[in-house]
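Listed below, chain by chain, are the residues.
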Amino acid sequence: MSDVSRRQAVLKIATLFNGAVGLLLAIPIVRYILSPVSRGQKPGYENWVSLGSVEEFPSGQTRLATYRNPIANASDGETADIPCWVRNVDGSRFQVFAINCAHLGCPVRWFPQSELFMCPCHGGVYYADGARASGPPERGLFEYAFRISDEKLLIQAGEMPTPGFSAANKTFIQIERRRPCA
Amino acid sequence: MRLIRTIGNWFDERLQLGSPIRETMQHPIPRQTASWAYVFGSAALTVFAFQLVTGILLALIYVPSAGEAWNSLQILNHEVTLGWFIRALHGWGSNFMLAIVLIHMVQVFLFGAYKFPRELTWILGIFLLLMTLGMAFTGQVLRFDQDAYWGLGIGASISSRVPIVGPALVKLLLGGPIIAGATLSRFFALHVFVIPGFLIGFVGLHVLLVLRLGINEWPMPGRLVRRSDYMEKYHELTHAEGVPFFPNGIWKDAIFSGVILLAIAACALYFGPFGPSGQPDPRIIQTAPRPDFFFLWLYALLSLLPPALETPVLLIGPVIALVGLLALPFVSGEGEKSWQRRPIAVVTILLSAVTLGTFTNLADHTPWSPVMDASTAAAIPGKFVTGRTPLEVQGALVFQSKQCHNCHSLGDIGGKRGPALDAVAVRLTGDQLVRQVLQGGGNMPAYGKNLNPAQTTALVAFLETLHPSAQTPARDASLAGIQP
Chain A
3 MSDVSRRQAV LKIATLFNGA VGLLLAIPIV RYILSPVSRG QKPGYENWVS
53 LGSVEEFPSG QTRLATYRNP IANASDGETA DIPCWVRNVD GSRFQVFAIN
103 CAHLGCPVRW FPQSELFMCP CHGGVYYADG ARASGPPERG LFEYAFRISD
153 EKLLIQAGEM PTPGFSAANK TFIQIERRRP CA
Chain B
4 MRLIRTIGNW FDERLQLGSP IRETMQHPIP RQTASWAYVF GSAALTVFAF
54 QLVTGILLAL IYVPSAGEAW NSLQILNHEV TLGWFIRALH GWGSNFMLAI
104 VLIHMVQVFL FGAYKFPREL TWILGIFLLL MTLGMAFTGQ VLRFDQDAYW
154 GLGIGASISS RVPIVGPALV KLLLGGPIIA GATLSRFFAL HVFVIPGFLI
204 GFVGLHVLLV LRLGINEWPM PGRLVRRSDY MEKYHELTHA EGVPFFPNGI
254 WKDAIFSGVI LLAIAACALY FGPFGPSGQP DPRIIQTAPR PDFFFLWLYA
304 LLSLLPPALE TPVLLIGPVI ALVGLLALPF VSGEGEKSWQ RRPIAVVTIL
354 LSAVTLGTFT NLADHTPWSP VMDASTAAAI PGKFVTGRTP LEVQGALVFQ
404 SKQCHNCHSL GDIGGKRGPA LDAVAVRLTG DQLVRQVLQG GGNMPAYGKN
454 LNPAQTTALV AFLETLHPSA QTPARDASLA GIQP
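Protein chains in written order, with our numbering: chain A, 3 to 184; chain B, 4 to 487.
Honestly, the hints are just simulated from the structure, not real lab data.
You may find that some hints are simply not true.
[Claimed, not checked] Once the Cα atoms are required to be at most 16 Å apart in a straight line, the calculated EDC-like pairs of lysine to aspartate or glutamate come out as:
1) LYS452(B) <-> GLU117(A)
2) LYS154(A) <-> GLU58(A)
3) LYS452(B) <-> GLU58(A)
4) LYS386(B) <-> ASP415(B)
5) LYS419(B) <-> ASP479(B)
6) LYS154(A) <-> GLU57(A)
My request is simple: use the sequences and hints to build the entire structure.
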């Protein structure tokens, strides 16, 4: 075996060795990068959080409530304080809407006089029951699952609703009612 | 002087960089290329360097934490000596950089500089444009205010629409399930390490290619590019009748770069820093988030696209645009360079400019958004209510209290989402008005559940008065023979 071919063989081994080491290191790095995605599959990711006493939401009214996101860190500051709209339909039935417009996530505002939610960004409008009224949204407002326990209103929360997410996830109730007269 | 020369020689004996630098600086360029039209690339490079410096200065104070970032911006603006000025320099530098990069690109396109053999230079330039846009977007996020917070929500909502991987993309983008501390940290990493790292590398390659292949010659109508003989002709242009880049070309670059830096400083001094707007507290929902200037056209597009077209346009449009730009030098790598003989190129630029300009201008007025406080803050002009019957005035009150004014204007006051109602009675009869109000339609919500009969009667009575005095109100044609 000549010197040259031996050196080439050693170089090949060195390259393969480095490739293997690289691959070995790539596995934890990729897992680290994907952690925001994989973390979602662990229990405790979505949780029942309290919006306060049921009495704070009078019958027939829609009021703003806020909750602290179940997963939050000290560095999150105020960003983990999430608002939502609570509609007490008739004293026993509730609807809890995400603040995010179903179009592109801007904060919708409730107008009690006209009983409409309006979005300041691209002009989406929703009826009191969250159904789409007009504008660019393709669906109604996102709705949280809720239950009442010890006179407290609890919702299942943990993730910002986005058009793609809630279509694939059962947490948010799909409301796809159309206008009665359409 | 002799001492400086001795020290210089000492270093050069070891580094041996003197002669390659001298050679590079004095490389020959075509005589007509030493022109004011060729200063934008170097100006972009200068502003990029300027952004690196001002960015590092800001990083001395800025705290990349969702709980602290906004406060640290306030400290920069109000407490640190001239902190506001450095912020303003960086913000205006960003706007100037994007503007110059776009002008540079237009000039390169119109001068046919992307043709053989400079295809790769163009492709690297496309990536540089994308990275510059990426810097502008991530920078807007680091100014962690309400606009940044809700802008991230828009980014997440768009990403979520990607088929299959959408929800996973959202979490990767946000670093978690919601916009929070992890989101800001990763945008900080992108803005400060990842994208600038790639930018420096790509800018280096881009400039290296310009030096290796030579700067584009001034396009002459009729002088066609052919792969077979271009290199030979270019060599002739540069070596037979060319001039050295230093000093013949570089002095214009230097002066223009200086003027740009001065303009950035002047804007920073006069207009001050951008924001921050309100705190990034999602509980403050009395906000109308807006993107920065260079993304306003996108804001308008998202509002005006028909809902069903939105996702396809958002997801497929950028791919088509990118493929088109990347394919350009391969589709038209030869032939005419001069814009005087490339009408389609000129029309493309004009159309793009008019389109982007129109969308940007529209986004300044946001006619598609309800005016959220019109029902409480915008008055109905007096001429629409004076001399009206009590019922009609009652209708005006309904109009105001039911937020009709948020979407409909009277006397140019109020929302532009729906049609102006100054002359609505000319278009619709009383019956049609009742139907429209109760049933909605044509992008108007139905008010049937929300108005009682008395309110509807009053409102329609008011609406029926809305017509110019010289024009008769609309009437039902089927009743034309019965009623006068």
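Status of the hints after comparison with the structure:
With a C-alpha separation of about 9 Å, the suggested pair LYS452(B) and GLU117(A) falls inside the 16 Å cut-off, and the hint holds. Restraint check: the Cα-Cα separation between LYS154(A) and GLU58(A) comes to about 9 Å, which is no more than 16 Å; the hinted pair holds. For the given pair, LYS452(B) sits about 25 Å from GLU58(A) by alpha-carbon distance, which is inconsistent with the 16 Å threshold. For the given pair, LYS386(B) sits about 13 Å from ASP415(B) by alpha-carbon distance, which is consistent with the 16 Å threshold.
Proximity of LYS419(B) to ASP479(B) is assessed by CA-CA distance (about 28 Å); at most 16 Å being required, the pair is judged violated. A distance of roughly 8 Å separates the Cα atoms of LYS154(A) and GLU57(A); the hinted pair therefore holds under the 16 Å criterion.
Consistency with the previously given hints fails for numbers 3 and 5, ordered from lowest to highest.
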